[in-house]
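Asks: Produce the complete structure using the sequences and hints provided.
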Amino acid sequence: MGLTYIDWIIMLLYFASVLGIGAVLKRYIKTSTDFFLAGRSIPAWICGLAFLSANLGAQEVIGMAASGAKYGIATSHFYWIGAIPAMIFVGLFMMPFYYGSKARSVPEYLRLRFDEKTRGLNAISFAVMTVFSSGISMYAMARLIQVLHVLDPIFDRLHLARSGIFHVSVIASAIIVLIYIFLGGLTSAIYNEVLQFFLIVAGFIPLVWLGLKNVGGWHGLTEKLPAAFTHSWMGMSSPQTNPLGVDWFGLVAGLGFVLSFGYWCTDFLVVQRAMAADSMTAARRTPLIAAFPKMFFPFLVILPGLIAIALPSATAHLTATKAGVTTVAVENYSQGLIPPKVDPNTGKPLLDREGKPIMDYDLAIPNMLLHYFPTGILGLGLTALLASFMSGMAGNVTAFNTVWTYDIYQSYIRPHESDEHYLWMGRVSTVFGIALSVLAAYATTRFNNIMDMLQLVFAFVNAPLFATFLLGMFWKRATGHGAFFGLLSGTIAAAVHHGLTLPAGETVGIKGGWLGPILHYYPSDMAQNFWTAIWAWTTCFVVTIVVSLLTQPREESKLVGLVYSLTEKRSEKHLPWYQRPVSLAVVIIVVLVLLNVFFG
Amino acid sequence: MGIDIRLPIGFVFALVGILLTAFGAASNPAIYQRSLGVNVNLYWGLVLLAFGLIMVMLGRRGMRKLKD
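Those protein sequence lines, which keep their order, are chains S and C. Heads up: the first sequence at position 496 corresponds to 617 in our numbering, and the numbers run straight through without jumps. Heads up: the second sequence at position 57 corresponds to 91 in our numbering, and the numbers run straight through without jumps.
None of these hints come from the bench; they were simulated from the model. Do not rely on the hints blindly, as some may be mistaken.
Computed Cβ-Cβ distance ranges for the label pairs, DEER-style [said to hold, decoys possible]:
hint : chain 1 : residue 1 : chain 2 : residue 2 : range
1    : S       : E344      : C       : R94       : 42 to 50 angstroms
2    : S       : H641      : C       : G71       : 50 to 58 angstroms
3    : C       : Y77       : S       : V711      : 28 to 36 angstroms
4    : S       : G682      : C       : I88       : 39 to 47 angstroms
5    : S       : L621      : C       : Y77       : 56 to 64 angstroms
6    : C       : R98       : S       : W339      : 39 to 47 angstroms
7    : C       : R98       : S       : Y699      : 21 to 29 angstroms
8    : C       : G71       : S       : F568      : 42 to 50 angstroms
9    : S       : V711      : C       : M97       : 30 to 38 angstroms
10   : C       : G71       : S       : A282      : 34 to 42 angstroms
11   : S       : G338      : C       : I65       : 23 to 31 angstroms
12   : S       : Y699      : C       : M97       : 21 to 29 angstroms
13   : S       : W330      : C       : M97       : 31 to 39 angstroms
14   : C       : R98       : S       : L609      : 53 to 61 angstroms
Anything over 12 angstroms on all C-beta distances counts as not near chain C; from chain S, calculated [stated by the list, open to error]:
hint : residue
15   : Q361
16   : D464
17   : Y642
For each residue, glycine too, the CB sits at the ideal point set by N, CA and C.
Replies: Take a look at the structure:
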């Protein structure tokens with residue numbers, strides 16, 4: 122891909138500083154709280170950027186650009202509807218209980234509020250999920266390094282077989298993440314996430330700038346693309362008239378409410394970043410500070426996808442074939458910089474049932490980088506991508522070692538040990554968490570369907586979660602039995618709904634319909650996902666209420682600090698307005714409305 | 035937590051900035067055909083260098099506060 126020494130120096134500089142940060146921080150890690158919660162001593166702005174970055178893995182960066190190329194600016198709903206409102210909610214209303222209860226993890230909050238079995242259910246499913254997520258991240262990074270031929274010249278020079286590139290990429294990334302988390306724990310992960318945030322911004326601003334300059338600015342883009350691609354709300358009244366195949370209700374309720382609140386408000390991976398904050402107000406400000414850059418990320422990660430399809434189809438830069446061979450046939454099928462997927466054996470483009478080529482949208486970002494960046498800045502762009510893969514992995518690993526040590530090991534295996542013992546366990550679990558991730562990465566290469574299935578199961582487990590937290594925090598009558606059976610039935614409801622419905626044009630199997638009769642066909646799999654989530658959430662909500670009313674309530678004195686109505690409201694009058702969470706939230710909402718009006 | 039994060043970030047960006055600026059100034063203009071004739075290495079290198087220096091400055095001030 123035409124890398125020269127300057128690109129390598131920039132990449133090596135990044136890796137050296139990542140390890141250096143870990144080494145410097147090692148001195149400050151003395152207790153388990155230092156290791157797992159960064160000593161609860163991090164300023165709000167750092168937590169905020171880490172909160173944002175932990176979620177900004179490279180799959181997100183590459184996936185959002187891919188989705189931008191496929192669906193257009195409507196992808197921004199994943200940010201403007203799908204993230205920001207939930208981030209405001211968790212900051213304003215939920216953080217007081219997470220931070221104030223002194224729980225050390227999200228599952229631990231569930232034990233304080235409900236009971237042991239609810240915590241166990243959440244802790245175990247979460248731990249399994251993080252290991253697989255970081256494994257998938259590792260797999261995706263190794264694949265990208267293969268597809269971009271980053272290491273090919275080095276391997277050729279050393280006379281090594283190119284088939285080893287995948288293994289070297291997996292092992293090297295595992296070792297680097299292992300070293301810096303082993304040494305510096307959560308602080309190290311957070312510091313590197315902040316570094317990654319700035320690298321992504323530094324790598325992508327020039328890319329978007331050059332792309333926009335090339336197509337004639339935003340105005341030029343609107344002229345080159347179909348109208349629905351540059352208007353995020355166009356045709357949202359009916360699923361048949363917009364690129365996503367969902368209607369506005371499914372979008373707002375499914376994505377905006379159930380899925381995004383379920384993720385941003387209950388997922389320990391992100392909440393952990395806020396728990397590391399140095400004060401309650403800092404913890405509440407964390408998601409709000411993250412919301413500001415988050416609102417503008419569509420311009421960095423979705424726009425490159427739009428630009429990639431708006432460009433004239435020149436020569437395709439990359440197709441995911443073995444040697445990067447592009448045939449004339451492939452170029453004819455390309456859409457802008459997006460090539461079709463290619464059959465690795467014949468070199469011919471893959472066609473769907475209607476004879477249209479299946480596009481390889483995931484190559485939007487890599488091809489944009491290669492199209493616009495000369496050597497030098499190309500190294501910076503590549504570093505930004507590698508950094509986001511690493512912190513995606515690191516985020517999962519730090520969440521895993523905390524939940525494992527506090528919620529599984531300390532609760533069920535070895536309680537009453539010294540703090541040093543748990544600190545030691547934290548480091549040990551970092552090692553085996555990463556080892557398991559490597560296994561998961563290899564499992565992905567072997568059994569692609571198994572990974573799809575696992576992700577589906579995680580979706581079922583996650584969908585109802587927010588109902589449990591909502592009732593737990595705002596209804597003091599909710600009980601442990603109610604929460605546990607609500608979660609179980611919500612997960613079952615998700616699976617049943619998925620098993621009885623199918624997106625149009627799909628075959629029965631992993632996409633749905635596996636329970637036999639198909640009761641409903643959705644216009645797209647996105648619509649099916651959103652409605653699966655809505656069903657799961659509603660079932661959990663109703664079952665939790667019914668079971669709670671039938672079971673013994675907890676004493677109110679035990680719920681102080683855990684439930685809204687029983688917790689003293691903190692006054693923020695002494696803070697200047699720009700430090701008050703409420704006023705930050707108001708500013709965010711105003712900007713959000715403006716963005717939706719302008720790009721709507 | 036021990037070190038002010040702006041310090042290492044500042045150093046990384048200042049170094050990358052210097053590298054890109056120097057490379058941009060010395061490199062063959064032909065390679066900038068890709069980037070629409072703009073010497074992105076030079077200009078973006080200068081921006082990153084400035085950003086890095088500001089971060090180092092803020093970081094040093096932060097470190098002094100940390101020690102007090």
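Asks: Determine for every hint whether it applies to the structure shown.
Replies: Evaluated hints:
Taking the beta carbon of each, E344 of chain S and R94 of chain C are about 49 angstroms apart, inside 42 to 50 angstroms as hinted. Here the CB-CB span from H641 of chain S to G71 of chain C is close to 55 angstroms, well matched to the stated 50 to 58 angstroms. In this structure, Y77 of chain C and V711 of chain S meet the distance hint of 28 to 36 angstroms, their C-beta atoms being roughly 33 angstroms apart. Restraint check, G682 of chain S to I88 of chain C: a C-beta distance of roughly 41 angstroms satisfies the suggested window 39 to 47 angstroms.
Remark: the range hint 56 to 64 angstroms for L621 of chain S to Y77 of chain C is upheld by a beta-carbon distance near 57 angstroms. Our hint of 39 to 47 angstroms for R98 of chain C and W339 of chain S holds, since their Cβ atoms are close to 44 angstroms apart. The beta-carbon spacing between R98 of chain C and Y699 of chain S, approximately 24 angstroms, falls within the hinted interval of 21 to 29 angstroms. For the pair G71 of chain C and F568 of chain S, the supplied restraint of 42 to 50 angstroms holds, since their beta-carbon distance comes to about 48 angstroms.
As the Cβ distance of V711 of chain S to M97 of chain C is approximately 36 angstroms, the hint placing it in 30 to 38 angstroms holds. Checked against the hint of 34 to 42 angstroms, the pair G71 of chain C and A282 of chain S passes, with Cβ atoms roughly 40 angstroms apart. Remark: the range hint 23 to 31 angstroms for G338 of chain S to I65 of chain C is upheld by a beta-carbon distance near 25 angstroms. At roughly 24 angstroms, the beta-carbon separation of Y699 of chain S and M97 of chain C lies within the given 21 to 29 angstroms, and the hint holds.
Range check, W330 of chain S to M97 of chain C: Cβ separation about 34 angstroms, and the 31 to 39 angstroms hint holds. Distance hint for R98 of chain C and L609 of chain S: a CB-CB separation of about 55 angstroms, consistent with the stated range 53 to 61 angstroms. The beta carbon of Q361 of chain S is kept farther than 12 angstroms from every beta carbon of chain C, the shortest such distance being approximately 40 angstroms. D464 of chain S, annotated as away from the interface, keeps every beta carbon of chain C farther than 12 angstroms; the closest lies near 30 angstroms.
With a closest Cβ-Cβ approach of about 46 angstroms to chain C, Y642 of chain S is found to remain outside the 12 angstroms limit, as its non-interface label requires.
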